[in-house]
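So the sequences go chain by chain: A, B and C.
All residue numbers for the first sequence refer to numbering that gives the first Met the number 0, where the first residue is 0 and numbers rise by one.
All residue numbers for the second sequence refer to numbering that gives the first Met the number 0, where the first residue is 0 and numbers rise by one.
All residue numbers for the third sequence refer to numbering that gives the first Met the number 0, where the first residue is 0 and numbers rise by one.
Hints may contain errors.
[Stated by the list, open to error] Example chain B residues on the side facing chain A (calculated, C-beta under 8 Å, incomplete):
hint, residue
1, S25
2, G26
3, G57
4, L204
5, V234
Treat the hints as calculated values from the structure; they're not laboratory data.
Computed from a prediction, not measured in an experiment: that's the story for all the values here.
Quick reminder that beta carbons are idealized off the backbone N, C-alpha and C, glycines included.
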Amino acid sequence: MIPEEIIHQPSWYESSARARIVGLLDTDTFAEILGPADRVMSPHLDLFDLPPAFDDGMIIGRGKLAGRAVAVAAQEGQFMGGTFAEVSGAKLVGLLRAVTAAVGTASAVTSVLLLLDTGGVRLQEANAGEMAVSEIIRAVLDTRRAGVPVIALIGGRAGAFGGGGIVTACCSHVVISEQGRISVTGPEVIETNQGAEEFDSRDRALVWRITGGRSRVLLGGADSYVKGDIAGFREMAIRVHNTVPAFSPETMMMEQDRLKKRLEFYGDCTDTPEIWSRAGLSDPDKIYEIDDDAFLALLSQKGSRS
Amino acid sequence: MTPDDLLASLFPKKHAVVAGPHNTLSGTATLDDDQTVEVLGITGGTPLSPEIAIQLAGRVLEIINSGSKTPIVFLLDTASQRMTRRDEMLGLNEYLAHLAKVIVLAGTIGHRTVGILYGTAAAGAFIATALATQTLITVDGALPSVMDLPSIARVTKLPLEVLQQKAETTPIFSPGVPALAATGAVFETWPSDRTDFPERLKSILTTNDGQTDLRDRLGEKRGGRKVARDIAQRVAMAFSQVDR
Amino acid sequence: MEKFTIRAQARTSLPGRGKQAIVGVVASGNLEILLERTEPDQTVVVDVVTSARGFQTVWEAVIADFVTRSSPGGVRFSIHDNGARPDTVMLRLMQGVNVLEKTA
Chain A
0 MIPEEIIHQP SWYESSARAR IVGLLDTDTF AEILGPADRV MSPHLDLFDL
50 PPAFDDGMII GRGKLAGRAV AVAAQEGQFM GGTFAEVSGA KLVGLLRAVT
100 AAVGTASAVT SVLLLLDTGG VRLQEANAGE MAVSEIIRAV LDTRRAGVPV
150 IALIGGRAGA FGGGGIVTAC CSHVVISEQG RISVTGPEVI ETNQGAEEFD
200 SRDRALVWRI TGGRSRVLLG GADSYVKGDI AGFREMAIRV HNTVPAFSPE
250 TMMMEQDRLK KRLEFYGDCT DTPEIWSRAG LSDPDKIYEI DDDAFLALLS
300 QKGSRS
Chain B
0 MTPDDLLASL FPKKHAVVAG PHNTLSGTAT LDDDQTVEVL GITGGTPLSP
50 EIAIQLAGRV LEIINSGSKT PIVFLLDTAS QRMTRRDEML GLNEYLAHLA
100 KVIVLAGTIG HRTVGILYGT AAAGAFIATA LATQTLITVD GALPSVMDLP
150 SIARVTKLPL EVLQQKAETT PIFSPGVPAL AATGAVFETW PSDRTDFPER
200 LKSILTTNDG QTDLRDRLGE KRGGRKVARD IAQRVAMAFS QVDR
Chain C
0 MEKFTIRAQA RTSLPGRGKQ AIVGVVASGN LEILLERTEP DQTVVVDVVT
50 SARGFQTVWE AVIADFVTRS SPGGVRFSIH DNGARPDTVM LRLMQGVNVL
100 EKTA
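Put together the whole structure using the sequences plus the hints.
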């Protein structure tokens, strides 16, 4: 394995959660809360004979982005699939509640960056994980309601599945790379429950067409698309800072309209190229083959959200 | 319990709740003191699809736009989120989140939201419906879960018997009302005789405004989530003290 | 799961002023190491929690080799291992002292 510090252009996908935070924020500004030395670990993994992690796979703290104070939380997708559990969830809930409470005080931040990388709820702690997701959703929405944007950054190995997919869609703005995947039920689970004719999880191209970053940004499930390096995520996080919709009845009415129309226009489609074709995109089959520059050019022609 | 039985027990005075598209319920009901409540629901253990989410969310938004602060009661018998390639392709995560968001929004701007679970609710559907309300009640027939034990066994690669054995010592992963209630998900479980449902509902609507998420405190008190609340508080405390 | 502690004496204490560092991830075939400069000058303490049973003697050999090569006196190493191979363990240990030395 190559040590992280000697990789020249660190990719978001390949990096650890800690490396992503370091690359995302201004140099030497990250201050971790309940870090590894505090040893705040899962009390439940021992029951399953599984080794814990010092941070339970959730790294939280504050730092600066282009000089502005931000709060940040990153899931480590390689530890237990980056799952929401009692400890990892409570760390994020605590951070979001603190951000909301800090509005208008000296410790206020200008936004929250959520580096989600998750298979969903940790099944060994299923009930606590489920509750954590629900509390996170409420805390994200309270934070947005208090005027602080919550920005999701998706491009890790585990994607944003299960409750993670729902949390993602509760954020003010979603930034994604080609490798990013967003979904609720994972392809393997759909295949197990409904059969391979419903969803063949071994068909990688199909999985990416359904859940992957390009499809999500074209359909409107993500708001910004970036190349997969950490610097790309950083630039976009700076750019979208405070340009995002409030959590208000007006915003939700627009969402209702947008999502209802999507069902009306594309509800009978069975694969994404059909959607792109119906949406008037030329060469719908090429969308997954072109390089990032060509895809970004296509996106800027099309305009954002459909 | 059938939806009709539940409606009759909750609103003996009067209700005009009718079946809507995709196995949904919608209408208004009148409490003993003539207070009106809005009622929405899912029947028949129906998996939560984008269509149901849009149907219910649309109704919640109409209620919000009416300018009233009418309480909203959700009667729920759903399943998991619907598991199809088509729904995932269309962004099911956005539809589930949308429903959760409008329910939370309604609560935030003054509609007291109460979920009454009388059937199943699992995984993402549980999060987007029952767990998005301010107060969740369970009645006869309620079976909340994250995932059933056989599926957990498959994912964790543990024999089912081992899981069943472990479930006896901890409420942390097993399905059902007692385990979920222990973690703070369920505020109250109402008795089978149903005679006092109207008073119980009235009491919830009047005693607490639902603005603060108290579920981790409940989980700590009941012993089903012993550390979550303490950790969240430690983070909040540290947040204002970290060097910046 | 198996838990044990290995103690050793290094020739010198580890240079640098960093108080703590963390390297690695508890992924399959990988491990995390938390390094804390909490021990007396030449003392080395390694707390191991590992999912692989029956490899304590292998760990002892790897740690002995590592202490000889790096002389990480004064440092406590706390390890969560998910079945990493000895060469991965050695690499992470070396990476850890490298990070700790450079940490301000």
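Verification of the hints:
1. About 16 Å separates the beta-carbon of B/S25 from the nearest beta-carbon of chain A, more than 8 Å, and the hint is not met.
2. At about 20 Å, the closest approach between the beta carbon of B/G26 and any beta carbon in chain A exceeds 8 Å, and the interface hint on this residue is violated.
3. A least Cβ separation of about 6 Å between B/G57 and chain A falls short of the 8 Å threshold, and the interface hint therefore holds.
4. Hint on B/L204 is violated. Least Cβ distance to chain A is approximately 20 Å, over the 8 Å limit.
5. The closest approach between the C-beta of B/V234 and any C-beta of chain A is roughly 3 Å, which is under the 8 Å cut-off, so the hint is satisfied.
In summary, the numbered hints that this structure violates are 1, 2 and 4.
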